[in-house]
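Peer 1: Please construct the entire structure, taking both the sequences and the accompanying hints into account.
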Amino acid sequence: MERPLTENIRSDGQPVGIEEYEKLGGYQATRKALGGMSPQEITAAVKNADLRGRGGAGFPTGIKWSFIPMGDAARHPKYLVCNADEMEPGTFKDRLLLEGNPHQLIEGMIVSGYALEADLAYIFLRAEYTLAAKRLGQAIAEAYAKGYLGRRILGSDYSLDLRLHLSAGRYICGEETALLNALEGKRAIPRAKPPHPQTSGLWGKPTIVNNVETLSNVPHIVDRGAEWFKSLSHTDCGGTKIYGVSGRVKRPGLWELPMGTPAREIIDLHAGGMRNGYGFRGVIPGGASTEFLLEEHLDVRMDFDSLPKAGSRLGTGTMIVLDDKTCPVGMVLSLETFFARESCGWCTPCREGLRWVVQIIDAIEKGEGAGEDLDILEGQCRLLAPGHTFCALAPGAVEPLQSALKYFREDFERHIKEKGCPWR
Amino acid sequence: MLTEGERREIEEEIAKSERKRAASVEVLKIVQKRRGWVPDDLDELAATLDMTPDELDAVATFYSLVFRKPVGRHVILICDSVSCWVMEYESMREHLSERLGIGMGGTSTDGMFTLLPVACLGACDRAPVMMVDEVLYTNLTTEKIDGILEAYRRGNM
Ligand SMILES: Cc1cc2nc3c(=O)[nH]c(=O)nc-3n(C[C@H](O)[C@H](O)[C@H](O)COP(=O)(O)O)c2cc1C
Ligand code: SF4
Ligand code: FES
Numbered sequence: 000m001e002r003p004l005t006e007n008i009r010s011d012g013q014p015v016g017i018e019e020y021e022k023l024g025g026y027q028a029t030r031k032a033l034g035g036m037s038p039q040e041i042t043a044a045v046k047n048a049d050l051r052g053r054g055g056a057g058f059p060t061g062i063k064w065s066f067i068p069m070g071d072a073a074r075h076p077k078y079l080v081c082n083a084d085e086m087e088p089g090t091f092k093d094r095l096l097l098e099g100n101p102h103q104l105i106e107g108m109i110v111s112g113y114a115l116e117a118d119l120a121y122i123f124l125r126a127e128y129t130l131a132a133k134r135l136g137q138a139i140a141e142a143y144a145k146g147y148l149g150r151r152i153l154g155s156d157y158s159l160d161l162r163l164h165l166s167a168g169r170y171i172c173g174e175e176t177a178l179l180n181a182l183e184g185k186r187a188i189p190r191a192k193p194p195h196p197q198t199s200g201l202w203g204k205p206t207i208v209n210n211v212e213t214l215s216n217v218p219h220i221v222d223r224g225a226e227w228f229k230s231l232s233h234t235d236c237g238g239t240k241i242y243g244v245s246g247r248v249k250r251p252g253l254w255e256l257p258m259g260t261p262a263r264e265i266i267d268l269h270a271g272g273m274r275n276g277y278g279f280r281g282v283i284p285g286g287a288s289t290e291f292l293l294e295e296h297l298d299v300r301m302d303f304d305s306l307p308k309a310g311s312r313l314g315t316g317t318m319i320v321l322d323d324k325t326c327p328v329g330m331v332l333s334l335e336t337f338f339a340r341e342s343c344g345w346c347t348p349c350r351e352g353l354r355w356v357v358q359i360i361d362a363i364e365k366g367e368g369a370g371e372d373l374d375i376l377e378g379q380c381r382l383l384a385p386g387h388t389f390c391a392l393a394p395g396a397v398e399p400l401q402s403a404l405k406y407f408r409e410d411f412e413r414h415i416k417e418k419g420c421p422w423r
Numbered sequence: 000m001l002t003e004g005e006r007r008e009i010e011e012e013i014a015k016s017e018r019k020r021a022a023s024v025e026v027l028k029i030v031q032k033r034r035g036w037v038p039d040d041l042d043e044l045a046a047t048l049d050m051t052p053d054e055l056d057a058v059a060t061f062y063s064l065v066f067r068k069p070v071g072r073h074v075i076l077i078c079d080s081v082s083c084w085v086m087e088y089e090s091m092r093e094h095l096s097e098r099l100g101i102g103m104g105g106t107s108t109d110g111m112f113t114l115l116p117v118a119c120l121g122a123c124d125r126a127p128v129m130m131v132d133e134v135l136y137t138n139l140t141t142e143k144i145d146g147i148l149e150a151y152r153r154g155n156m
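Residue numbers (numbering that gives the first Met the number 0), protein chains in the order written: chain A, 0 to 423; chain B, 0 to 156.
Incorrect hints may appear among the rest.
As the list claims (entries may be wrong) - Which residues of chain A face chain B? A partial, calculated answer using Cβ under 7 Å:
1) Pro88
2) Gly89
3) Arg94
4) Glu127
5) Asp160
6) Arg169
7) Tyr170
8) Glu183
9) Gly184
10) Arg186
11) Gly246
12) Pro251
13) Gly310
14) Ile319
15) Thr325
16) Ser333
Honestly, the hints are just simulated from the structure, not real lab data.
For glycine and all other residues, C-beta sits at the position ideal for the given N, C-alpha and C.
Peer 2: Here's what the structure looks like:
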């Protein structure tokens, strides 16, 4: 089984340095791309590889890139931005790539930047990733020193500057248009779309925003081709996926596996199943804003097309397991408290609705719930559905809620009837 | 009034930025690094960034890690998101509150620690977790927390 993204990550916790990276075949994709491929050829390879965005939405990367104006039609400077804001609860995969192999990401940005004819690239990093900040800073300096970044990279006609932007908290900064406002030094609320960043992004210029894991895949596609990349996957979405499991399993962690590996295999085999004394109750498959799955769903393949058929989404591919000794209502309260706190406040349904949702679930958890509360929660799920707000935070917030109301309804009802939390 | 040192560091940061205002977060952090927090009066800073004080205030009030009130010598950020919640976050928070004699947002009377919640720290496989200043602490237990607080109190960290 091939693990292109993580096979070179060291087990001693140290990052792969530039010399080691080069020795392992690193920066070959840069040489190949800048030395003999056209930008269009690279975009075509990424499209043919069926690489889909790993930031949560799964948008096909090659198609996103094809919306960017090229050649004389384009306004410059053009931008490439790496979204390294990773703050979706339950998600810890980009941290591994950032801390373990920063040059792989930098090379991904050089090759992608070349494909997009970008002039300037940014890595938007959350402030709390202090170790990643140090390592990225050093890796960027090394890449400049060796001529992989800066003017006329490796003697080619292509020039690219890469800057590291350190943020200062707030989940909403990971939403790509809020991220662009943050980079411009504005209050980081999302923008109304259209226009999309591909045509009017940073400072109104053409901009592509991609996730860390997405960009880290690009050198491997350029190096080894679209067919090889597709062959890594069990399904139609190309490549591997870094899956994760947290919660009361025996071995919480991350594993790079073929895209489309079944959920059961990841939980039982890789994470070792439930800890002794705990049973499996449910799982959120891809970070906080995805819908719960039950035991009966676990044979589902973990990819962008299969999970919707089971009623959820791949999201970030990092699962959060609910065990049978933990209160589902309490867990949903934790999730919704997060979303309510992180709402940027622009849209009324999100700002006011999520706060109300938290008040109701908090009351239920404390034993102060009333019969009609569940109807109100269901009503909020409809009001916060896609199309009512400027960004996907609010629709994401109700995904775990509406599935919990469906699957754990008796737990909510027991809280109301028994006037208290049965787990406390 | 900005000090000479602050002004120099701020000028350097602005010079590195594509446009002046793009440096606003970094500039706020420069002030915070030296003073511990960002004071109410932003007129001078805003002028340096070609922003109105209101525009800069809108940025400064937005970020959870830009502090608008004095904080303790060390800031504890405890993750209260879902994986940590499942793994006993609540007991860890209660233990910290009890040991420090403060609730969320409070600063201990000796001025050593401020306790704040933070969104998922991306270390969910090692939950529950917290950061003290720039350092991440994982797989927390109440004993481990006592050891960490003690080390900071003794000035070993
Ligand atoms: C509230 C919110 C937070 C988000 N946070 C992140 C994030 O931390 N990292 C990320 O890559 N994408 C995040 N996204 C998705 C981005 O908006 C965007 O779709 C993504 O960065 C595109 O990259 P991709 O096409 O490579 O997946 C977030 C979206 C929303 C609505
Ligand atoms: S949905 Fe919520 S977070 Fe997104 S723009 Fe509206 S108020 Fe802000
Ligand atoms: S939920 Fe606490 S680190 Fe992710």
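Peer 1: Can we keep the tyrosine 170 of chain A interface hint, with Cβ of chain B closer than 7 Å?
Peer 2: holds (5 Å)
Peer 1: Please verify that hint: glycine 89 of chain A, Cβ, nearest Cβ of chain B, below 7 Å or not.
Peer 2: holds (5 Å)
Peer 1: Would you check whether glutamate 127 of chain A satisfies its interface hint, that is, whether its CB is within less than 7 Å of any CB in chain B?
Peer 2: Glutamate 127 of chain A check passes; min Cβ-Cβ to chain B is 6 Å, inside 7 Å.
Peer 1: Please check whether threonine 325 of chain A passes as an interface residue: C-beta within 7 Å of a C-beta belonging to chain B.
Peer 2: holds (6 Å)
Peer 1: Against chain B, with CB atoms and a cut of 7 Å, does the hint on arginine 186 of chain A hold up?
Peer 2: Cβ of arginine 186 of chain A sits 4 Å from chain B, so the hint holds.
Peer 1: Tell me if the interface restraint on arginine 94 of chain A is satisfied: Cβ within less than 7 Å of some Cβ in chain B.
Peer 2: Since chain B brings a Cβ to about 5 Å from arginine 94 of chain A, closer than 7 Å, the hint holds.
Peer 1: Take the shortest C-beta to C-beta distance between proline 88 of chain A and chain B; is it under 7 Å?
Peer 2: holds (4 Å)
Peer 1: Measuring from the C-beta of aspartate 160 of chain A to each C-beta in chain B, is the shortest one below 7 Å?
Peer 2: This interface hint is violated because 10 Å lies over the 7 Å limit.
Peer 1: Take the shortest C-beta to C-beta distance between glycine 246 of chain A and chain B; is it under 7 Å?
Peer 2: holds (5 Å)
Peer 1: Let's test the interface hint: is any C-beta of chain B closer than 7 Å to that of isoleucine 319 of chain A?
Peer 2: For isoleucine 319 of chain A, the interface hint holds, since the closest Cβ of chain B sits about 5 Å away, which is under 7 Å.
Peer 1: Should the hint that serine 333 of chain A touches chain B count as held when the rule is a Cβ pair under 7 Å?
Peer 2: holds (4 Å)
Peer 1: Double-check proline 251 of chain A for me: the hint is only fine if its C-beta lies closer than 7 Å to a C-beta in chain B.
Peer 2: Holds: closest Cβ of chain B sits about 4 Å from proline 251 of chain A, inside 7 Å.
Against the hints set out earlier in the document, violations occur for numbers 5 and 13.
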